Every structure is written in structure tokens, then in C-alpha cells.
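Enquirer: Position chain B relative to chain A; hints supplied.
Residue numbers (this note's numbering), protein chains in the order written: chain A, 2 to 451; chain B, 2 to 451.
Any given hint could be a false lead.
What the hints assert, rightly or not - If you want a taste of the chain A side facing chain B, the calculated C-beta under 8 Å gives, among others:
hint	residue
1	D228
2	T301
3	S334
4	T371
Rather than coming from a laboratory, the hints here were simulated on the basis of the structure. No experiment lies behind these values; they were computed from the predicted model shown. Yeah, the Cβ is synthetic: ideal placement off N, Cα and C, and Gly gets one too.
2 protein chains.
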Amino acid sequence: MSENRDAVLSEMLVSLIRGKKYASVRDAMETMHAADIAAALGDCTKEQVPLLFRLLPKELAAETFSQMEEDKKELLIQSFSDSELKEVVDELYVDDAVDLVEEMPASVVKRILRQADPEKRKLINEILKYPEDSAGSIMTTEYVSLRPDMTVEDAIKRIRRTGVDKETINTCYVTDNNRKLIGIVTVRTLLLAEETDIMQDIMTEDVISALTTDDREKVSLDFVKYDFSAMPVVDEENRLVGIVTIDDVIDVLQEETTEDIEKMGAITPLEKPYLKTGALEIFKSRIPWLLILMFSATFTGGIISYYESALTGFPVLIASIPMLMATGGNCGSQASVTVIRGLSIGEIEFSDVLRVVWKEIRVALLCGITLALLNFLFLIFVSGQSVAVAAVICLTLLSTVTAAKAVGCVLPMVASKIGFDPAVMASPFITTIIDALSLIIYVNIAMSLL
Amino acid sequence: MSENRDAVLSEMLVSLIRGKKYASVRDAMETMHAADIAAALGDCTKEQVPLLFRLLPKELAAETFSQMEEDKKELLIQSFSDSELKEVVDELYVDDAVDLVEEMPASVVKRILRQADPEKRKLINEILKYPEDSAGSIMTTEYVSLRPDMTVEDAIKRIRRTGVDKETINTCYVTDNNRKLIGIVTVRTLLLAEETDIMQDIMTEDVISALTTDDREKVSLDFVKYDFSAMPVVDEENRLVGIVTIDDVIDVLQEETTEDIEKMGAITPLEKPYLKTGALEIFKSRIPWLLILMFSATFTGGIISYYESALTGFPVLIASIPMLMATGGNCGSQASVTVIRGLSIGEIEFSDVLRVVWKEIRVALLCGITLALLNFLFLIFVSGQSVAVAAVICLTLLSTVTAAKAVGCVLPMVASKIGFDPAVMASPFITTIIDALSLIIYVNIAMSLL
Chain A
2 MSENRDAVLS EMLVSLIRGK KYASVRDAME TMHAADIAAA LGDCTKEQVP LLFRLLPKEL
62 AAETFSQMEE DKKELLIQSF SDSELKEVVD ELYVDDAVDL VEEMPASVVK RILRQADPEK
122 RKLINEILKY PEDSAGSIMT TEYVSLRPDM TVEDAIKRIR RTGVDKETIN TCYVTDNNRK
182 LIGIVTVRTL LLAEETDIMQ DIMTEDVISA LTTDDREKVS LDFVKYDFSA MPVVDEENRL
242 VGIVTIDDVI DVLQEETTED IEKMGAITPL EKPYLKTGAL EIFKSRIPWL LILMFSATFT
302 GGIISYYESA LTGFPVLIAS IPMLMATGGN CGSQASVTVI RGLSIGEIEF SDVLRVVWKE
362 IRVALLCGIT LALLNFLFLI FVSGQSVAVA AVICLTLLST VTAAKAVGCV LPMVASKIGF
422 DPAVMASPFI TTIIDALSLI IYVNIAMSLL
Chain B
2 MSENRDAVLS EMLVSLIRGK KYASVRDAME TMHAADIAAA LGDCTKEQVP LLFRLLPKEL
62 AAETFSQMEE DKKELLIQSF SDSELKEVVD ELYVDDAVDL VEEMPASVVK RILRQADPEK
122 RKLINEILKY PEDSAGSIMT TEYVSLRPDM TVEDAIKRIR RTGVDKETIN TCYVTDNNRK
182 LIGIVTVRTL LLAEETDIMQ DIMTEDVISA LTTDDREKVS LDFVKYDFSA MPVVDEENRL
242 VGIVTIDDVI DVLQEETTED IEKMGAITPL EKPYLKTGAL EIFKSRIPWL LILMFSATFT
302 GGIISYYESA LTGFPVLIAS IPMLMATGGN CGSQASVTVI RGLSIGEIEF SDVLRVVWKE
362 IRVALLCGIT LALLNFLFLI FVSGQSVAVA AVICLTLLST VTAAKAVGCV LPMVASKIGF
422 DPAVMASPFI TTIIDALSLI IYVNIAMSLL
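In isolation and in its complexed conformation, chain A is listed as follows (with noise of 0.2 Å):
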């Protein structure tokens, strides 16, 4: 859908350009959202972008920049005079501009804060000087500030006067001399109330703040319980320093939520989208773990040749390790993505280390001896196996999954605890875990009952 709309729309404003009808390109772009012009502005040419992006409207310009792809805003970049850079450093928002600094290769990101206004040059350093993934790092410092005793008058001439460019003014916030936070109001409030209502008598005074060093990931889960749209960001003495916007906490929980997916699937994250990285780079962020675990799975080769004797005698022993290994990998894997998801939204704590397994060992009792049944009858009238070897096969099934299950709910929530990421636990190196397990189990019973 979405991307038949940006195919359609960047069509149309390619074939306005190439008949030169420029006054009707800018009309159409401006009944674009920023959005849409910025992915139709990705299926153009070199050529075409910086010719299409002067036609914008100066506002518009900056909001689409900020929605650009990384190598089409430096390519932008590239193809600016001094003073078209400065036009769009000046009319963006502090956060897009910070997030662009962070974005872009050091020599254009010197030319971009040679072009920033002082003002600006200093909002953005500070900005970058907060640890990454905190909520320092993703704020803005464009909000509306109101003292306690002004009128509601006095508020909407203020924001009339200051607010018009600010990210967001539903919500005001209302400060001390000392800039400390006292309450918020939003504009709802403000246009319901009377012209002579003073910020102390109509603001909310219980407001939740974060702190600048708090984690990034913690102030995305308040704003999802609260159901906030902005959240002040305060310092240690309660002094406002900026606000986070809903806009960017939907980035960051995507974000992470992406970067938890790719550790589970035993990749390193990517830093950019992965039709935007080259082949070299996602080949680095995959092959640490496929050594490790390549040689993990070497050592459980190694515990099968070191029991050879013990399995030889039957065919079947061997020809089972497979679905061994696999259904006790794949236990550990259901239970392991079941733990590290509650963990990172905050469904399950720490604290809640014995419910989990006692759920768990109940979960995996049910599984294995469905398991193990099934299988014993399989092997018994289908394969025409001894009850002895049958016997041998289900009773280590039934170990392994419940060792896979334990294994695999207490070993992400340890990692959390001791401050290890769970994600990184998760299904492949859990799984040669497992395998070596259910080896060593296998064979152990193997010996005893054969």
C-alpha cells in the first residue's frame, strides 16, 4: 500500500519536473505530508532531489529533511551553498538536528555547525554530551515555559509569541525562578479556562519527569502506562532541561524492540536499516556468533565421538540425536523468547524468578510427556524398536525438555539481573547449551538401561 502511494506520488512530481511546470511541482508538494515527500524524494535521481527540495516551502523543507534517508540528506548537504545549509540547520528542531550530527560523516557535520546559529550550536552540544540511550540523548529543548502567576492571557500571548515552532504545545510547563518544574498545563486546559485564571490555580501539579541520565528504554515504558504524549526531562535538582516527545519514543521502542529481535537471532545489531547496509557490514555483525557458535557445536560433536561405543551398537541412538537435539532446542527457545519478551516490556521483573520456573517445570512436564508418549508409541509400532531402546529415546526427551525449559527461562532473567542484555541469552546460545545436555543425558541413560 504505503509503497505504492510513494511510487505513484514521486512519479507525478518527476514527470511535473521534467516538463519544467516547477509552480505546479510546489503546489502538488504542498499537499504532501513531509512524510510522503520525503519517500517519494527517495525514489528520484542525484539530480533530481536538490531540484525538487528548493521548491519547498521553507518549513516543509526542514521537516521533510529531517524524514530523509541518511545518504539522500547527505547528498542534500553536498549540494547546498552555505546559506541554503544554514536555512535548514536554522528551521529544524533541536532533536532532528542532534540526530543528524549524530547521523552524518565528521567533515559534514563540522560545515553543519560552522552553519548553526550560536544558540542552536550550543542546544545541539549539550544535547550530545548525554550518554547515548539516555533520556537526555533523544529530548528536545524546544518547549513552552510559563510562570506561576501568569494570566491565561499572558500564556497564550507567550505562546503566540515563542510557541508556534515548537515541537509540541499541547502541553505547557510551568517553572520557578529557579527553573524548576511545578506543574504542567496543557492547551486544552488553557482554552476551557477564563482569560484571567492564573498557571497556580489551573496547572497539574503531580507530574511525572524523567531524570537526563535515566534509560532511554525505562522512559518509553512510563509513557506507554501513562499513556503520555510529552514527558519533561529534569535534571538532578528538578530543574526542567527539556522534553521527550511521543514521536521519538515510538522510534526507540521500535528501535529496541528490533535490536532484541536481531540478538535473538545471534546477530550483532545493525547500526542502519538492511537494505541500506552492504554486504561487508552485515557479514560482520553475524559471523562472531556463528564462530562461537560453530565451535560450541564442535564440543557437542566432540561428546558424541567420545561416546561412540556406547551408541554404535544401536542405529536408532544415533539416528535419533536429531530430533533430540532439535526438540530440546526448540523448548528452550519457546521458553527463552517467552522470558526475554516480558522482560524488556516490563511484563515480568526479576522478582518473579520463582513463578516463572514453577510455571515452567509444570509447562514442560505437560510437553515432554506428550512428547515422550508419542514417541514411544512411534518408535514401538512403527519403527518396531525394543521397549528397551524406546524407553531409552522418551525418558531422555522427557529430560531434556525439561532441562531446555529451565535452562531456558532462568538463564535470561540471571542475565538481567546481573546486568547482562537476555536477548543475548536467547535461542542459539541456549541452544548449544541443550544440546550438550541432552548429550550428556542421552548417553548416561543409554549406558544404565542398555
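Expert: Chain B in isolation, oriented as in the chain A frame:
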């Protein structure tokens, strides 16, 4: 963090209740956010919950109620008199009332609908008619609609009269006589306009809206793309029937992602949070996949038995099976996880299939050559194997890695194209295909080289 906060708050409330300090409980709760009160009530006993709840002021009570967990809601409803139930239901937003009706057992639903006033009952029933997972099913019918010929003064009067209770009045919707949506006006625009300005002069006309039947996931991705905080929902004739708000969109995004992750982990998605789901239900969501995968792994084992004669002369070939299968599985899931996530956040489309395959094949060659080379050296110099044996293992490794990456990226894309769920195609399923594939490659290379 948030857990501690909830525990601290609920402890305080409970000890105030014990001391029969009801006025203070009420005061304390009035300073708290609904989400915190709901969480605190989650930690209270059956007897304390209704007691605390009755102390809440009406509006806060409804907000708290809609944020409570299912079992606590049911408990409360059972302790309510009919008039108490009516009070809460009347105060709920329509979309929250719909959620409630969807969650509760049939007998409770009957009681709820009986107590709702006829107007609200009609709205609830209308929304219930939209298909699950459609935009209609997550919208609310509470919004402020304005007429094109209204002045700002009229609009503010209208909002004051009807809008105070509306879920979001940050955006108002301008409709014509046939209820067709013709524009939007933000509260910010109203606040900054002159009192005599007319809606049709200050409204934005290019409105992106969703159809009631649109998929809720697509609507959510549009929210992210355009940075919306609310989006109008219209019927086939462009008549405004409701709005979707950002808080519901975030819930949709979280839920859809959790479902994707569960499917990748070979679990049928759970209806309720993990800790609230019984062991039997969890068992049911996991066992079908385990059975399918167990029997397909038995098939892999069959391949081993079938070719046993080709392998038994060389024990190291058997000992290498786990390494080959594990590496193939890991390579496949790296590719599939990346592609599945890309598909679900709209970063990858089916039309990218050739680019993706070409990228994966290059990555596969880089990974395969690295892994094979290191393994070759290891087999020759550490394990002391012959060059021929090492060559068999390493050629198989290279072929398996390439096949795994190709299958891993193509399968989810094809699945999404033909309307299957790509996430179901993820790791475990692909792993089984790759296991079988790599064994066949292995045996054939072994037979031709040794």
C-alpha cells in the same frame, strides 16, 4: 524501578486503609496517576480492592478501572451494585468500554450492557461489529466535530460544551452536512487564531485518514510514518465515524511485535500476559509446534540412518553432524529474523526480493568461506584429520551456509506475498528444512569424495 514504585504506593495505601484513615487515602490517591493506582490495586487483597476503589473520585475511578488487569476488573464488577457499575460504565471512554466487553466472560458482559445507557450501548455494539484487527475495532467514537462555517469562538464554545470529556481534543474534525470529513483543526490553531476566524479558512484540508476496514497494523505503521497523535477513521463514503489515538496504536505495535516474536519462537501467540496464563494454556500454545518439529526432525534422523553406511567408516563425519546442523540453523535464522522484522516494520517489501537474495548470497559466501577455512585448519592441525575428510566437511559447511541464508530470506518473503504469516516461517521451521538439506548435501559430497 516501576515495580518498587507500585509496591511502595500500595503499601502506603493499605496501611492507611488499615488505620481507617479514609479521607487520607482519598487525598493520597488523588495525587496519583490512574496507572499507578491500578498497579497498586493489583497488589491489594480481594477485600481491599473494592474498598479503595470506592474512595476514588468518579472520573479517576473510571480511568483507573480501564487500566486494571482483567481479573481485578472482574472482581470489582462482581462486588459492584448495579448503580455502581452504571456509574463506572457511563464514565468509561467508548473504546475502553469495548475492550472491557471483549475481555469479560459472557455473563458479566450482559450485566455491563444492561447498565450502559442506550446511546453508549449502541456505540459499543457498533464497534464490536468491526472485524478484529481492523481500524474500526480500535477506534473511539468520542471526538469533537466542527462545522466549516463556525467561528473560532463558536468552536471553543462547542468544545467547552462537549469536549471536556473527549479522549483527545488536541485535534478537532471539520465535517460537512453529510458527516463527510473535510478538514482538521488543531487546538493549537484555535488558540492562536482570532476569535472571528472561520473554520474553513484555518483548517488543514489534506487529511490522511484510515478506513474502518483497514488493517490495524497498517494504520499503526502510518502513525509512525507521519508522527500522528490521532487519525480519523472514515467509512467507504468518507464519512467520519471515529478516531484512533496514539495510546491504542502503541498497544497495537507492542502486541503485534510480541506475536511476531512468539511465532518466531514457535509459539502460538498467547491471549493474556504470560504470568496470568495457566500452565495448561501455555502447554497448548507450544505443543503443536513441538510435535510438528519433532516429527520433521525424526525425518532428518531417517536420512542419517538411510545413509549410515556412507558415514560409519569415518566417525568424525558423524561427530560433525551437530556442528553442520547448528551452523546451518543459525545462518538460516539470522537471515529469516532480519527479513521478518524488516517486513513487519515496513522496511522491506516483496518487490525487494532480488536485492535481498543478492545481499544474502554475498553475506553467505563471506560467512561460509570464513567458517569453512577456520574449520579446515582446525580439522587438519588440531584434530589431525585427512585433507579429504576435512574437505568433505568444509565443502558441506559452505554449501549449507549458502543454502540456509537463501532459504532463510526467501521463505518469509514468499510467505508474506501469498498471504501467509512470515513469522510462522521463522527459525524452527526453516531450521528443519535446512537440517534435511544439509544432511543430503553432506552425504552426497562424502560419497563422491571419499
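Enquirer: Run every hint past the structure and note whether it holds.
Expert: The hints, checked one at a time:
no.: 1; hint: D228; result: holds, 4 Å
no.: 2; hint: T301; result: holds, 4 Å
no.: 3; hint: S334; result: holds, 5 Å
no.: 4; hint: T371; result: holds, 6 Å
Figure legend: structure checked against the earlier numbered hints; every hint is met.
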